[in-house]
Amino acid sequence: MQTLQDMILRLSAFWAAEGCVLQQPLDLEVGAGTMHPDTFLRVLGPEPWRVAYVQPSRRPADGRYGDNPFRLGKHLQFQVVLKPSPHDVQQLYVQSLAAIGLHLADHDLRFEEDNWEAPTLGAWGVGWQVMLDGMEITQFTYFQQAGGLELKPISAEITYGLERLTMFLAQSRSLYDIEWVEGVKYGQVRKQEEYELSRYYFEVADVPFLQQQLDGMEREAGRCLAAGLVLPAYECALKCSHLFNVLDARGAVSVTERVGLMKRVRDLAVACARAYVESRERLGFPLLGAGAVAGVSGAAEEVPGHAR
Amino acid sequence: MPGEYLLEVRSEEIPARMLEPGMRELATRLFEELMARGMAPREVATGFTPRRLTLVLSGLPEREPDREEQVMGPPVRAAYAADGAPTPALTGFAKRCGVAPEALRRVATDKGEYLAAVRKTAGRPAGEVLAELVPRALAGISWAKTMRWGSGDGPWVRPVHGLVSLLDGAVVPFSLFGVAAGDTTAGHPILSPAPFAVADAAGYRRELGSRDIEVRPGERRRLLAETMRQRAAALGGRLVDDPPLLDKLAAICEIPGVLEGRFDDAFLELPAEVLSTSLRDHQSALTVEDPAGARLLPYFLTVMDRPDDPQGRARSGNEWVVAARLADARFFYGEDRKAGLARRVEQLERLAFHERLGSYAEKSARLAALAGAICDALGWAAERGDAVAAARLLKVDLATEMVKEFTSLQGVMGGIYAREEGQPEAVWQAVYDQYLPASTEDRIPRGRVGRVAGLADRLDTLAGIFGLGLTPTGSKDPFGLRRAAQGAVRIALEGELALDLEAMAKVAATLYGDRLTRGVAQILDDLRPFLHDRLRYLLGLAGYAYDEIEAALAVGVRDLPDLKARVDALHRMREAPGFLTVVLAAKRIANIVKDAAEQPLDPALLAEPAEKDLYTAFAGLRHEVEEAAATADYGRCLRRIADLAPVLDRFFVEVLVMAEDPAVRQNRLALLQAIGRTVSRTARLTEMVVDKAEARAKSGG
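Protein chains in written order, with this note's numbering: chain V, 1 to 308; chain P, 1001 to 1701.
It should be emphasised that the hints constitute simulated quantities derived from the structure, not laboratory data. Quick caveat, the model's predicted, so the values are computed rather than measured. The C-beta atom is built at its ideal place from N, Cα and C for all residues, glycine as well. Be aware that a few hints might be false.
[Unchecked claim] What follows is a list of derived Cβ distance ranges for each label pair:
| id | chain 1 | residue 1 | chain 2 | residue 2 | range |
| --- | --- | --- | --- | --- | --- |
| 1 | P | Lys1338 | V | Gln24 | 39 to 49 Å |
| 2 | P | Pro1195 | V | Glu203 | 52 to 62 Å |
| 3 | V | Arg10 | P | Gln1311 | 14 to 24 Å |
| 4 | P | Ala1342 | V | Glu196 | 28 to 38 Å |
| 5 | V | Glu150 | P | Lys1476 | 17 to 27 Å |
| 6 | P | Ala1233 | V | Gln24 | 50 to 60 Å |
[Unchecked claim] To list a few chain P residues with every Cβ distance to chain V over 10 Å, as calculated:
| id | residue |
| --- | --- |
| 7 | Thr1028 |
| 8 | Val1099 |
| 9 | Leu1246 |
| 10 | Leu1468 |
| 11 | Ala1554 |
| 12 | Val1557 |
| 13 | Asp1559 |
| 14 | Asp1568 |
| 15 | Ala1629 |
| 16 | Leu1656 |
Please construct the entire structure, taking both the sequences and the accompanying hints into account.
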C-alpha cells in the first residue's frame, strides 16, 4: 500500500535526479504552490530554473470541518517547475508516475485541455488536467504570462494533488483514511486542524481586524517596494491574498468589493513581478551562467529514447 | 500510385475542440495554395487524433506547369531613336529581362503601343513546392488558443514532436519549430512508443492499425458508438444517445476503446437528469436506459485510450470516481430537498443578476409582474395564476447546491424540485423548460405557461442590459443577448403568441424603475432592429425569401404570428398570375405619388373609361381586401389585389396621370394613393424584388 509519505519521497527523489532544487514549502499561507516565490517569481526573466517542493495550500472556502471525505481546506501540492520547459517534459512526467509505482501499461492516461488562469497574479498558462483512469491527478501547465509579463523562456509547471493521488491509488473511500505513513492515517494527523481551521475561517475570524490587516499589508508592500525590497514586498502581497480568501470564506466580501479587492492584490503582484525582473537584471541574472542550477544547461534538447 | 503526399504532425495533446477546425483549415489552405499553382491534387484525405494531424494528398501532378509571363517594357515611341536604333530604354529593359532585344514583342494598349518581354519560368517539382507550402500552412493555422514553449518556440497549439513528410516514398524536407521532417513516426506514447519508419499512406495506416490506432475521427466515432450500443444491449438496455459527447470522445483518443462501468443501484434514486449530467460533465460518460426508455440502468460507458482493460484498472478507477461524484450529487440532492424551494427564495437576494441590475430576488419580482402583463395582453386569464407562480419560482434553483455544482442543470433542477414539491404540472414544466430553446435544434417550452415564463425571462434580460446601453457589438455578446432575443422570437412565433413584443419590452423596461441608465424610448429604438434581425434570420431559415420578409416587416409588426402569416401569403402568391403586374404597379404608383401630398378623391371627376374602370374595380374589392386583412386572411387579400392586374395595366397604358388640368391630375393621384394604401395592407409590395427580364417582358407585352 502506497503511503502519502512514500509519494513525497519518491517524487522528491525523481525530480531531484532531474536536477531540481529540492525547495521547502513557503512558510506563509498560500492558495497554491504556484504562489511560492520559487515558482511565481522564478518563472520571470531569462534565468533557467528547476525546482520541486511540497506546498501546503490553503483554500479557506473549501474547508468542510473535516466532514467531507473529498474536500479539504488545506491540502498538499507537490510542485515542479522546469524552466525552460524541456522538449521531453511530458515524457519526464510520465516517468515520474512510474516512479511512484504506477504500471502505466495497465492504466488509461489522458491529457485533457485545461488552461490555467490566476487573475490575482496576472498570470495564465496553457495545458491539461491529466486524467488517470478518469481521475484528475495532475495539473500540467506551460506558463505564458505572470505578473502581467510575457514569459521567455517558458516554464512547465507540474502540480500533483498529493492526497487525491494517494487516495486514488489506494482506492480509499475517504481522504482521511489514507496512510500518511504505515500505521498513521491522514485523518489522525490533520482532521483536528481541518475542523478548527474551518471553524476559524467560517465562524470566528474577526472581519474588521482582517480588513485592517489587509489594508496594512497592502501599505507595507508599497513601502517595501519603495525601499527596493522585492521579496518582502511579495510576501506582503501573498498575505493580502490569503486575507482576501479568509474574508471571502467568512462571507465578508460582496460582489462589488470582490472586483476591487482582486484588483488591489493583482496590482501588487504585478508591481512585485516587474520589480523582481529589474532586481535580477541589476544582479546580472546570476543563474544565467551554465551549471548554476544542477542539471540545467539552458538548452531544451530532446533526450533520445528517454521515456521509451 | 504516384503523386501521393503523406503528412503527419505529431504533437502533445491538442484540445478536442480545436482538432477538427485546425485540420480543416490546414487541408483547405494547402489545397487552395496548390490549386493556385495549378497543382490541385485529385483527392485530399485527413485524419487526426489528439496527438497527430494526418493529411494525404493523392493524384498530385509531378510538377508545377511552366509559366509564361508578359513583362511590360517601355512605350515603342521611347524605344527607338529617330534613326530607328534601339534606345537605352529598350536595351536596358531587354537586359533586365534576360532576353535579346529582337525577342521583344509589340503590344497594343489603350495608352499606345508598348514593348513587352515574355519571361518563361519552368515549373518546380512537386516536392519543392510542398517543402515551401507545407511548413507555412502548418504554422499559419489559426488555432483558437496558441502557446509558446521551451526557449520561446511557437506560437502553435501545442509543442511539436515529429513530422512525417513523404512524397511517393521520398522525404520532402522542411522543419517546424526545430523539428525536422522525415519518415519516422511513433505509436501510442505508453502502449507502443517505439519509433518506426513508414513509406506511404497505406503503410502508415497499416502500421498504426497494428497498434490499434485509428486516425480517422469519423471511424473512431462510428466504432465507439457501435461498441457502446452492443455493450448497452448486452447489459439489457440501450444507449442514451448523446451526439456531441460522442464527437468529444472520438476526439480525445487515438485508440477507440470503450470503457464500461457500473455504479451502485442506490444512486438510481437520483433523478435521471442529475445522473446523466454528473456522468456527462464529470466523467464524459454516456448512460444506459431500459429498453422502454423509462429509467436508467446503473451503468455508464465512456472512452479509454486503449483497446482493452485486462487488469480492470481503468474500469475500477472510473467506477471509484463516479461513485465519489454521485455521492456528492446525492448529498446536494438531499440538502436541497431539506430546505425546499420556497425557503430558498430569500437567498436570491444575495445572488446578483447583474451588478447594476440588482439581485435575482428583484428579477423574480419583475418576472412575476411581466408574466401577468403578458397573460393580460394575450387574454389568457386561465393561465395567469400559474404563469405568475412559475415566474416567481423560475430562478430559485440558482440558490440550490445542485445547480451551483452543475450549472447546466439550471431550470431542469428547479423543475424537478417543483414537481417533487407538488407544484401544478404547468408550473413545474415552465420552470423545467425555461431555458428552451437554447439552440436552433431545441424545441420551445411545452404549454402556454412555460412560453409566457420563458418569454418574460428573456424580455427582462434584454430590456435590462439594453437599458444599461450594453448592446452587443460584433462577436462580443457576453450576456447572450442574441440567443435571448432569438429565443423570445421563436417562442412568440412558434408558440403563436399574438402579442405586441415591443409593448411587452416596454413593460419590462418600466419594471426596472430607476435602475436603467437609458430612457424607455431609446431602449426600444435599439431593441427593435435587434429583434427584427433575429426575426429575419429565423424566417429566412424557414425558407422565406429576403424580400418577402422585408415587404411584410415594412408595414409594421403587430405580432409575430401575424407577421409570419403575411410573409407566408406573399411567398405563396408571388408565382400567381397577375401578382407581378400588381407589384410593378405598386412600384410605379409609389414613384408617381412619391412627392405628392395626400389628395381627396372625387369619383365624379373621373372621366376616361380606363380610370373609371379602375375605380369601379377597386371600389368593388376594397371592402373585401379590408375585411380579409382584418381577419388576417392575407392570402385572400393578395389574391383580390391581384385581380386588379388587368385594369391597372390598362390604366397605365391609356391614362396620363400628370394631366394638364390640376384638378384632374390631383384626382388621379388621389385614386393611385388610395390603391397604393390598399395593395400595401398585407405588405409593402414595393419591397419585392422583381426579376428584371421578367419585368421587361411584362411591360413590353
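The hints, checked one at a time:
1. P:Lys1338 to V:Gln24: 39 to 49 Å: 45 Å, holds
2. P:Pro1195 to V:Glu203: 52 to 62 Å: Check passed, 60 Å falls within 52 to 62 Å.
3. V:Arg10 to P:Gln1311: 14 to 24 Å: Because 21 Å falls inside the window, the suggested range holds.
4. P:Ala1342 to V:Glu196: 28 to 38 Å: 35 Å, holds
5. V:Glu150 to P:Lys1476: 17 to 27 Å: 24 Å, holds
6. P:Ala1233 to V:Gln24: 50 to 60 Å: 57 Å, holds
7. Thr1028: 23 Å, holds
8. Val1099: 50 Å, holds
9. Leu1246: 16 Å, holds
10. Leu1468: Given a closest Cβ separation of 15 Å, the condition holds.
11. Ala1554: 45 Å, holds
12. Val1557: 38 Å, holds
13. Asp1559: Fine: 38 Å to the nearest Cβ keeps Asp1559 of chain P off the interface.
14. Asp1568: 46 Å, holds
15. Ala1629: 52 Å, holds
16. Leu1656: 73 Å, holds
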